[in-house]
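With these hints in hand, go ahead and build the complete structure from the sequences.
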Amino acid sequence: MKVTVVGAGNVGATCANVIAHKELVTEVVLLDIKQGISEGKALDIWQTSGINNYDTRVVGVTNDYSRTAGSEVVVITSGLPRKPVMSRDDLISTNAEIVKSVTENVVKHSPDAILIIVSNPLDVMSYCAYVNSKLPSTKVMGMAGILDTARYRAFLADAINCSPKDINAMLLGGHGDTMVPLPRYTSVSGIPVDELIDEATLNAIVERTKKGGGELVSLMGTSAWYAPGAAAAQMVESILRDQKRIFPVCAWLQGEYGLKDIYLGVPVILGRKGIEKIIELKLNKDEMKLLTDSAKSVKEVMDVFDNLNKK
328 MKVTVVGAGN VGATCANVIA HKELVTEVVL LDIKQGISEG KALDIWQTSG INNYDTRVVG
388 VTNDYSRTAG SEVVVITSGL PRKPVMSRDD LISTNAEIVK SVTENVVKHS PDAILIIVSN
448 PLDVMSYCAY VNSKLPSTKV MGMAGILDTA RYRAFLADAI NCSPKDINAM LLGGHGDTMV
508 PLPRYTSVSG IPVDELIDEA TLNAIVERTK KGGGELVSLM GTSAWYAPGA AAAQMVESIL
568 RDQKRIFPVC AWLQGEYGLK DIYLGVPVIL GRKGIEKIIE LKLNKDEMKL LTDSAKSVKE
628 VMDVFDNLNK K
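Letter by letter, the sequence shown follows residues 328 to 638 of the numbering used here.
The hints are simulated quantities; they were obtained by calculation from the structure and are not laboratory data.
Heads up, a few of these hints could be off.
Unchecked claim - Pairs of lysine to aspartate or glutamate, EDC-like flavour, derived with a Cα cap of 16 angstroms:
no. : residue 1 : residue 2
1   : Lys-361   : Asp-391
2   : Lys-537   : Asp-416
3   : Lys-537   : Glu-522
4   : Lys-623   : Asp-439
5   : Lys-600   : Asp-416
6   : Lys-538   : Asp-504
7   : Lys-329   : Glu-354
8   : Lys-466   : Glu-431
9   : Lys-461   : Asp-417
10  : Lys-461   : Glu-614
11  : Lys-637   : Asp-382
12  : Lys-349   : Asp-382
13  : Lys-329   : Glu-564
14  : Lys-466   : Asp-439
15  : Lys-537   : Asp-633
16  : Lys-329   : Glu-424
17  : Lys-637   : Glu-424
18  : Lys-600   : Glu-564
19  : Lys-427   : Asp-633
20  : Lys-587   : Asp-613
21  : Lys-349   : Glu-627
Structural data, given as structure tokens:
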């Protein structure tokens with residue numbers, strides 16, 4: 328079995344590294360457009376195999392999609408970060424062209440692959456890949472909710488002074504400031520989180536989670552890569568091992584939660600066929616309003632993409 332990761336930047340290389348260590352497939356192909364980058368990082372990862380005791384082959388290639396043929400899952404991390412001089416529309420236009428080209432090349436060589444999109448803006452790039460791949464929506468999804476939930480769980484673990492392993496949490500909506508963490512669906516070993524932490528602290532953690540990516544950028548001067556790469560790898564694992572894990576992922580909605588024709592973060596069952604079921608939570612009035620507001624924000628960005636395509 329083979330998995331391809333397109334984009335050998337920090338996120339893509341981390342994702343490839345985690346997949347290799349988990350021994351999910353016989354080969355991981357790391358592809359980039361910059362000569363030598365993917366080859367070098369793949370070689371570096373492969374040279375840890377004897378130290379960390381795994382035998383998944385990691386191969387780096389420069390812009391040669393023929394080497395990705397037969398991939399069962401393809402993770403797309405390609406794209407440019409937003410620069411100070413770039414407008415939102417500029418970023419969408421630039422990254423949409425990149426994701427479009429990558430998607431078309433990937434599907435040409437691996438028509439049965441499941442696509443996981445990590446490129447930003449995440450929600451609209453998932454939509455871009457769906458439109459250009461012409462694959463069923465169950466096989467095209469975005470990685471965001473797992474990352475956002477992981478940040479939420481990490482912050483809670485610090486505040487409660489417990490293991491993040493014991494925290495179960497759910498989060499909906501777009502990837503960004505309008506995401507919707509759900510304290511009502513958060514528990515620690517079955518104990519409702521509000522029995523272990525006061526309301527003010529919990530609300531502060533929710534707000535910190537919404538700005539989790541920005542916090543890291545302010546600290547490092549660049550976006551995160553360890554957690555995003557590991558989150559994408561966790562999705563790959565659930566698919567290839569048919570684990571049917573329930574994860575929040577960016578999925579194409581067709582009436583769920585009263586929303587239609589939009590890519591948005593919702594809980595799904597993730598297995599060998601991709602998104603096997605979208606789970607509709609029974610949200611209260613306030614939660615539903617937050618999700619609707621998040622959807623409006625995402626739809627505005629999707630409309631920018633649609634208008635660019637009409638020009």
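Outcome of the hint check:
no., hint, verdict
1, Lys-361 x Asp-391, "holds (11 angstroms)"
2, Lys-537 x Asp-416, "violated (22 angstroms)"
3, Lys-537 x Glu-522, "violated (22 angstroms)"
4, Lys-623 x Asp-439, "violated (32 angstroms)"
5, Lys-600 x Asp-416, "violated (34 angstroms)"
6, Lys-538 x Asp-504, "holds (6 angstroms)"
7, Lys-329 x Glu-354, "holds (5 angstroms)"
8, Lys-466 x Glu-431, "holds (14 angstroms)"
9, Lys-461 x Asp-417, "violated (25 angstroms)"
10, Lys-461 x Glu-614, "violated (33 angstroms)"
11, Lys-637 x Asp-382, "violated (47 angstroms)"
12, Lys-349 x Asp-382, "holds (10 angstroms)"
13, Lys-329 x Glu-564, "holds (12 angstroms)"
14, Lys-466 x Asp-439, "holds (9 angstroms)"
15, Lys-537 x Asp-633, "violated (26 angstroms)"
16, Lys-329 x Glu-424, "violated (26 angstroms)"
17, Lys-637 x Glu-424, "holds (14 angstroms)"
18, Lys-600 x Glu-564, "holds (13 angstroms)"
19, Lys-427 x Asp-633, "holds (13 angstroms)"
20, Lys-587 x Asp-613, "violated (20 angstroms)"
21, Lys-349 x Glu-627, "violated (38 angstroms)"
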